[in-house]
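So the chains spell out like this:
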Amino acid sequence: MADTWTICRRELAGYFGTPIAYVFLAIFVFLSGIFAFYIGNFFGRGQADLQAFFVYHPWLYLFLIPALAMRLWAEERRSGTIELLFTLPITMGAAVLGKFLAAWIFTAVALAMTFPVWITVNYLGDPDNGVILAGYLGSLLMAGAFLSIGSCVSALTRNQVIAFVVSGVVCLGFVLSGFPMVLNFFEAFAPPIIVETIRSFSFLDHFHAIGKGVLNAVDVIYFASLIVFWLFVNALVIEWRKAA
Amino acid sequence: MIEIRKLTKRFGSLVAVNRISFDVTRGEVLGFLGPNGAGKSTTMKMVTGFLAPDEGSIVVDGVDIARDPVSVKKRIGYLPEGAPLYGEMTPIAFLGFIARIHGYRGSEAKERVDSVIDRVSLESAAHKPIDTLSKGFKRRVGLAQAILHDPEILILDEPTDGLDPNQKHEVRTLIRGMAAEKVIILSTHILEEVDAVCTRATIIADGRIVSDDRPEDLLRRSKGHGALRIRLRSGGDPDRAAAMIASFGSLSGVKEVEEVANHEGTVELSLFSDGGVVPTVAVADAARSGGWEILEMYVERGRLDDVFREITTDIGPKKDRKKDAANRGGADHG
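Protein chains in written order, with the numbering used here: chain A, 4 to 247; chain B, 5 to 338.
No lab work stands behind these hints: they were computed from the structure.
Label-pair distances were calculated between CB atoms; the ranges are:
hint, chain 1, residue 1, chain 2, residue 2, range
1, B, D122, A, P22, 29 to 35 Å
2, A, K245, B, R79, 19 to 25 Å
3, A, V223, B, R79, 38 to 44 Å
Using N, Cα and C, we set each Cβ at its ideal position, and we do this for glycine too.
From just these sequences and the hints, can you work out the full model?
Here it is, written out as structure tokens:
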């Protein structure tokens, strides 16, 4: 556990040691604002909640999270530090978890930086802050799922661009699997049980429930088990392709 | 202290390391020699627990690395080939990280980092990002992380590669200074390095150990070992040179006389013995009675290059197999 934290701290320091962190934070806050206020029509809705803000998070994460995750393992591979890391007296679990946690904590910081939106809605109206908190937690959980996918894909290659594109596509699959367009397509020929299974894998479905302030155990377990699954595959991928 | 048995690693159809077995004990500095792609680095990657062998075992003080990798890794310091480092960190931050991983906290961690920075003379670069440092400094950072926890086993993959002569000397001095109380395994292309720091030289070719000897015994196998090198003034007269060769060649104990060089009025000869020692006194007497002035005379130690080339190009199946792998589209591994 101490090793996990040591690795996490090094990784976090790595983010802030380069301009990446600040660029990412600025873009995240800027885009989430644009989405909420312009595209989401936050003011026009005349409602004291942050639905218009949260509803775009899956789309925001779709390209920002792969950008954050792409360097996690690809960079270790490219620079050869993966050899350094895995000859230190640490376990595979500590390395995978430490790096993932660093990226997740960083995402949490980015989310926290959007606090002006929360202040705005509290200034203008009287929102249910419990619902908003649930929205933030749900968003963070979903970001974790995106990150675990990105981390796993990043372990497959030494090329960050490939890692970015591939994890973007995989994440898109998870987001779109709840889209009516996609579900209608499958309904045309697949039995209902398959359509339901596809829908149940959707980020959107589970996220919307949380965003409405309903922190269901099912949705939390969904995202948590997704994270555990992808990190487990991540460890397998590293073990399998260490020499590559 | 380290027992390696029948270690084997394959990459696809290529057998990078083929049933290698050897032991290393405390106080030994084992030098891995071999052509590129011979399996030196792959062997080191397995001994440090980075790669899992396909077959065979690595046991450190009775503990099998496959069974308890973390406890074995604690006792090893490793400098990977090319000394990969986290470039965006400063040496002080990076070594702080390494210290924490090895379980040092607070003032103890700081002491460790400070003392290792002092040992590898890194003070002037300690606060600059590693990416901005020169090759020599980067290598020192790599060495520093390997020796920070004072490991019993030190494994260094080409520790002096790409360094200038002064830096090479510093690194060798550092290694020699630690040799007595540690097990050190290092790989190198530089044969003089083996002579300078190693107590034992293991030549690997084609994934197998082809020679395991002390450097001086290796030298003994060189054709030039024990030969007498002599340079005389000939005045540019070819008859005189021929007379010298005939005169020295007729001495008992001299098997063969070889003319190495003949220019600017001097002639340089190599006298090979017939198994014993070249009779230096008789040679000097013969020169005096001929009236030839001796400019230089010494007994050769032999050249590791010669032995190395002889041993590593001697292996017949090697070329054929590599060719096969290439034909099948297999890659050459290092």
